[in-house]
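Peer 1: Given the coordinates of chain A, assemble chain B onto it according to the supplied hints.
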Amino acid sequence: MLSFLKKQRIRGGVHAEERKAASALPIVNDFPLPKKLYIPLQQHVGKAAEPVIKVGEKVLKGQLLAHSQGLVSAPVHAPSSGIILDVNDYPAPHPSALPIRMIVLETDGKDEWLKTSVAADPFQLDAEEISLRVGAAGIVGLGGATFPTVVKLNMGRENQIDTLIINGAECEPYLCCDDRLMQERAAEIIDGVRLMLHGMTNSPGANLHLPEGGRTGRYDMNTKSAVVAIEDNKPQAFLMMQAAAAPYAQIKVMQIPTRYPMGWDRQLIGYVTGREVPVGCRSSEIGVTIHNVGTAHAVHKAIRHGQPLLSRVVTVAGGAVNRPMNVEVPFGTLISELFAFCEVNTENTARIIMGGPMMGDSLPHSNLPTVKATSGILALTPNELKNTDEQPCIRCASCVSVCPAGLRPLDMANNIRINQLDAAVDLGLKDCISCGCCSYICPSNIPLVQYFKYASGEVIARQQAQHKAEQTKKLIDARNARMERIAQQQREDELARIAAKAERERLKAEQETEA
Amino acid sequence: MYVLSAIVSLTLLGLFLGLLLGVAAKYLKVESSPVVDELEALLPGSQCGQCGFPGCRPAAEALAEGNAPATMCPPGGSALAEQIAALLGIDLDLSEVKEPELLVARVSEDTCTGCTRCFKVCPTDAIVGAPKQIHAVVADACIACKKCVEVCPTECLQMHPVEVTLRNWRWAKPQPVPAQSLGSGSNALC
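Chains A and B supply the protein sequences, listed in that same order. Start counting the first sequence at 109; every next residue gets the next number (the numbering used here). Start counting the second sequence at 419; every next residue gets the next number (the numbering used here).
Careful, some of the hints might be misleading.
Unchecked claim - Keeping only pairs whose Cα atoms sit at most 30 Å apart, straight-line, the calculated DSS-like set for lysine-lysine is:
#1 A/Lys-609 with B/Lys-591
#2 A/Lys-223 with A/Lys-169
#3 B/Lys-591 with A/Lys-538
#4 A/Lys-581 with B/Lys-447
#5 B/Lys-564 with A/Lys-582
#6 A/Lys-144 with A/Lys-169
#7 B/Lys-565 with A/Lys-581
#8 A/Lys-561 with A/Lys-169
#9 B/Lys-565 with A/Lys-576
#10 B/Lys-538 with A/Lys-581
#11 A/Lys-494 with B/Lys-550
#12 B/Lys-564 with A/Lys-561
#13 B/Lys-564 with A/Lys-581
#14 B/Lys-447 with A/Lys-582
#15 A/Lys-223 with A/Lys-409
Don't read these hints as lab results, they were simulated from the structure. If you're wondering where the values come from, they're calculated on a predicted model, not measured in any experiment.
Isolated chain A (complex conformation) (with noise of 0.2 Å):
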């Protein structure tokens, strides 16, 4: 089986110098509190939370400040206590920096918990309890997409999960919150897997601890393994967690080659499982679900102390930094507060990245909030960044061989530019992951990803366009119809009236020959 996987042959990529500093020191546990605290209510893929609280209200740390909507949705909770300042629009960390709706939090510095109970052995409470939880306390996907994590875990039950990979392959280059958070907190980490594979189980108190052979009948559709992923330049990371999951057999870590991108979901399944994701088609579907580390801990955190999301691992790196580090920083928290915290040289800051440098947003300024989505702030000096200066493509083809979707960069390129985005659709625009590894290759510095990420949001743009076009025939046609009715009845109402005057007269002259 082993050997079979080393043949596995990996998809495009490219390798980046890594640049990961910061990976040798530990996680920074004592970042000042901030005086205030800026907490949008949208850190996650769905819809807006809903406030649950008024401005001027006392609250404390881990209150519920906004419930969650509908079925794709995360709630979100006070990082610390305080007073409730405003509620309203602030620019969001996002590369336009439009205003989004935020709580404004006033911290009183105490720090004070809400009091919460935690179940004394979470592996007796039901797989849907687990489910429950991990809501409530706004877990999500924490490698960046945000995901809520409620909804794979239902998912998981939902669908013939049999392997659970935990991402911990951190590709991208700068990054290594996770790397720290796998060093430091192994057994957490693990935990908050067996808890995860317990969320997933379709029976109440499906015990876990049995070996595979003791489950029959349905137990077999339950998820069975957890496979940790690590890339392999993080050594010690992955001896952490190997220690750390030795006692449980169902808890594989294993290592991966290093290579930019190999943290995106399909490569990595193709990697650990050979198998491939089809197009169109969710990683359930072929039995398999992903969730990052940091995900994995915050369901420890969750589940084992009853804390809701309230911070986060953040790498603070970059040329511009003069401490680079990964600190703990709770959300809202402003990035100029971080990065004064981090001794950032302004002056010398080219680009603010929230991210990665591949595939991370540019933010116009450090007045933004810190969010659930938030791994990484990168203040780059201008020697980071690419150079921009176009020359016209030699079509030798590079990006063709780096694309880890299989596309053709170049081709979709030409027929953007030109706008023929059905063309490019055709080629496979809807595919195009935005990985960047096409722009970082190109020879002739043609920004290739900016053009799919112009294209993608312009194909979205089109069909909203085309939806409403058809909305407004509706639209029309209904308004014909009642014109149309309301003209008939007119004319009814017309023909009513003339026989009824007819039908007077007709009396009337009938009376007066009577007399």
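Peer 2: Just chain B, lined up with the frame of chain A:
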């Protein structure tokens, strides 16, 4: 009695003329081009007149005859232009087409008198209101035909650009390389 005979004779006359018209419509029918019908089905059908033709049907006829470019319908934008080009089998270069600025009508509550004129002309029922009540525009249904702006007696209805939010924000297109260098590059390899 005079009244009755008048009614009867007029009814008979009406029926007879109606029958005549019905027969004429069947036997003297002018065959419409199926291409024009298909084009008309593609067009928005709001008869807004922004293309310069009196309505969608005349616009479809002009398109079928080749008297109007595929990009002629402003509300349809480039998505519609692509559909029209595909139907007519013509090449389309959209690189010169500017996407129309998205507009939406908005009622200024200070000056609205509740005269109801605007919602009577709105082709998509996007304006709601009642006599002597302030009206409001349902932004999702507004197609920016500006008919309401023309009839509003107090100029309280005005077109505004659609506000950009995180929901409709999109990445801009990368600035293309100067055409000269592009041309030399592709010639060298063709």
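Peer 1: Taking the hints in turn, state whether each one holds.
Peer 2: Results of checking the hints against the structure:
1. For the suggested pair A/Lys-609 and B/Lys-591, the alpha carbons sit about 70 Å apart, so the restraint of at most 30 Å is broken.
2. For the hint pairing A/Lys-223 with A/Lys-169, the CA-to-CA distance comes to about 9 Å; that is within 30 Å, so the pair holds.
3. For a cut-off of 30 Å, the pair hint linking B/Lys-591 to A/Lys-538 stands: about 17 Å separates their Cα positions.
4. With a CA separation close to 27 Å, the supplied pair A/Lys-581 and B/Lys-447 stays within the 30 Å bound.
5. At most 30 Å may separate the alpha-carbon atoms for a hinted pair to count; B/Lys-564 and A/Lys-582 meet this at roughly 19 Å.
6. At most 30 Å may separate the alpha-carbon atoms for a hinted pair to count; A/Lys-144 and A/Lys-169 meet this at roughly 14 Å.
7. Our distance criterion of 30 Å between C-alpha atoms is met by B/Lys-565 and A/Lys-581, whose separation comes to about 17 Å.
8. For the hint linking A/Lys-561 to A/Lys-169, the alpha-carbon distance of about 39 Å lies beyond 30 Å, and the restraint is violated.
9. As the CA atoms of B/Lys-565 and A/Lys-576 are separated by approximately 19 Å, the hinted pair is consistent with the 30 Å bound.
10. Proximity of B/Lys-538 to A/Lys-581 is assessed by CA-CA distance (about 18 Å); at most 30 Å being required, the pair is judged to hold.
11. For the given pair, A/Lys-494 sits about 62 Å from B/Lys-550 by alpha-carbon distance, which is inconsistent with the 30 Å threshold.
12. At roughly 33 Å between alpha-carbon atoms, B/Lys-564 and A/Lys-561 are farther apart than 30 Å, so this suggested pair is violated.
13. For the given pair, B/Lys-564 sits about 17 Å from A/Lys-581 by alpha-carbon distance, which is consistent with the 30 Å threshold.
14. In summary, the hint linking B/Lys-447 to A/Lys-582 is supported, as the alpha carbons are separated by about 28 Å, within the 30 Å threshold.
15. For the hint pairing A/Lys-223 with A/Lys-409, the CA-to-CA distance comes to about 14 Å; that is within 30 Å, so the pair holds.
Violation of the numbered hints given earlier is confined to hints 1, 8, 11, 12; the remaining hints are satisfied by the structure.
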